[in-house]
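Student: Listed here are the chains, written in short residue letters.
2 protein chains.
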Amino acid sequence: MNIHVLSLFPDMFTGVFGASILKKAQEKGAVELAVTDIREFSENKHKQVDDYPYGGGAGMVLKPEPMFNAVEAITAGRKPRVILMCPQGERFTQKKAEELAQEDDLVFLCGHYEGYDERIREHLVTDEISIGDFVLTGGELPAMTVIDAVVRLLPGVLGQADSHIQDSFSTGLLEHPHYTRPADFRGMKVPDVLLSGNHAKIDEWREEQSFLRTLQRRPDLLEALELTEKQQEILAKIKSQM
Amino acid sequence: MNIHVLSLFPDMFTGVFGASILKKAQEKGAVELAVTDIREFSENKHKQVDDYPYGGGAGMVLKPEPMFNAVEAITAGRKPRVILMCPQGERFTQKKAEELAQEDDLVFLCGHYEGYDERIREHLVTDEISIGDFVLTGGELPAMTVIDAVVRLLPGVLGQADSHIQDSFSTGLLEHPHYTRPADFRGMKVPDVLLSGNHAKIDEWREEQSFLRTLQRRPDLLEALELTEKQQEILAKIKSQM
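Chains L and A, in that order, give the protein sequences.
464 is the number of the first residue of the first sequence in the numbering used here; add one for each residue after it.
464 is the number of the first residue of the second sequence in the numbering used here; add one for each residue after it.
Extracted from the complex, chain L is given alone in its bound form (with noise of 0.2 Å):
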């Protein structure tokens, strides 16, 4: 897969693309991870890149001619995905993330600080996406966020010992809770059943865990999904308890 990043910040990568699955997953030649800087493509002397908006207001609008031009130059001819981060976009989840990592190419635009011109959004991206509702400076951070988890999806790049992590969206459960050695911190104890060896009813309690968690955090979550018979008793057990 090709990424492309165009951000007027492209410093801000290099210690995210340098390290932890994303080095790794470049070097197994999975991804291939580019910056570029949009001022590059100011076609003004002053490399600006950005201007006051039409009808008057506070705060600066990024031009079209950069991003256009910069898109063009970097794409040459194909067809890629062209994703604008953005907070009016479609909020990211990690359906959109295995979507996007059936892609070839993509490419990334990133604002900072202010309004893009409506053209762009209009003509040259095909996907907005947003990672939530909260005011960031720029879009570099949730690039960088929808690039690691698309990126991690990619055949290869993650080992069996990574992958499990997986788990925790693909179930619609959130995880139960993990313990490790020692078995008494502090005096903070492992629960007995854990330390049993009774695989059944470590499995049994596990599932039972991750309905809790799950029925207490995000009871959203259990509404979108279609329980099992055996589903549906656990959990009518949980809600008796509670």
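The hints are simulated quantities; they were obtained by calculation from the structure and are not laboratory data.
There may be inaccurate statements among the hints.
Identical copies go unnamed one by one, so any copy, or any two together, can satisfy a pair.
[What the hints assert, rightly or not] Calculated lysine to aspartate or glutamate pairs in the DMTMM-like style (CA-CA distance at most 25 Å, straight line):
#	residue 1	residue 2
1	K486	D596
2	K664	D647
3	K664	E581
4	K702	E553
Source: prediction; values computed, not measured.
For chain L, the structure is supplied; the task is to place chain A on it using the hints.
Tutor: Then chain A, alone, in the frame of chain L:
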């Protein structure tokens, strides 16, 4: 404000903490950002920080000692909010950013790949925050995201020119479209009203567009609003035209 991050990948933070608003906020003395490697607090000569899960299963679990030791060492008797970045946590919102911006002292715990020992969750942390329903490699990008959202709210961090973008969530509506020069870019034109110089009409257009966009993309936001009589009229007008 003091912000201290505990991570297994401290180098991931360099680019983000050294650029843009987070850089400026540190230079202005509004925030001190520090990142510490959790491995420094391992009691094991191999600097091991994780171990196999009790009860079996794939994946590793972060041990309690290094996390407890690290938090105790860096807080040295102070009582900061200790925030665990975790997909099971409370969903991060602008309201939570505003709440955290009132604090003097925040500690962020970032796991990587794996689960946390439950005793960390139960006895060490004060808040568990998730940035959304997607699977990431670690808590580092979520921590950076929360830190960016919080630090930009601190007094003196944003200049007047930057501060307008906060509006997008404070009005409860999505922003209206923005346009800047050129008025005609490759045949794509700026709406006439914005070039009219009639500020009453421009304000009206913007408010209508803001409602229209919210209605099309995020009707859930509208349901949460108490509309003035004038706003109800605008909404009725838009709906009648759809």
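Student: Measure nothing new, just compare the shortest in-copy and cross-copy C-alpha distances for K486 and D596 to 25 Å and report within, between, both or neither.
Tutor: between (29 Å within a copy, 24 Å between copies)
Student: Cα distance capped at 25 Å. Does K664 pair with E581 within a copy, between copies, both, or neither?
Tutor: between (58 Å within a copy, 19 Å between copies)
Student: Can you give me the call for K702 and E553, within, between, both or neither, at a CA distance of at most 25 Å?
Tutor: between (34 Å within a copy, 22 Å between copies)
Student: Is the C-alpha distance from K664 to D647 at most 25 Å within one copy, between copies, in both cases, or in neither?
Tutor: within (21 Å within a copy, 69 Å between copies)
In the structure shown, no violation is registered for any of the earlier numbered hints.
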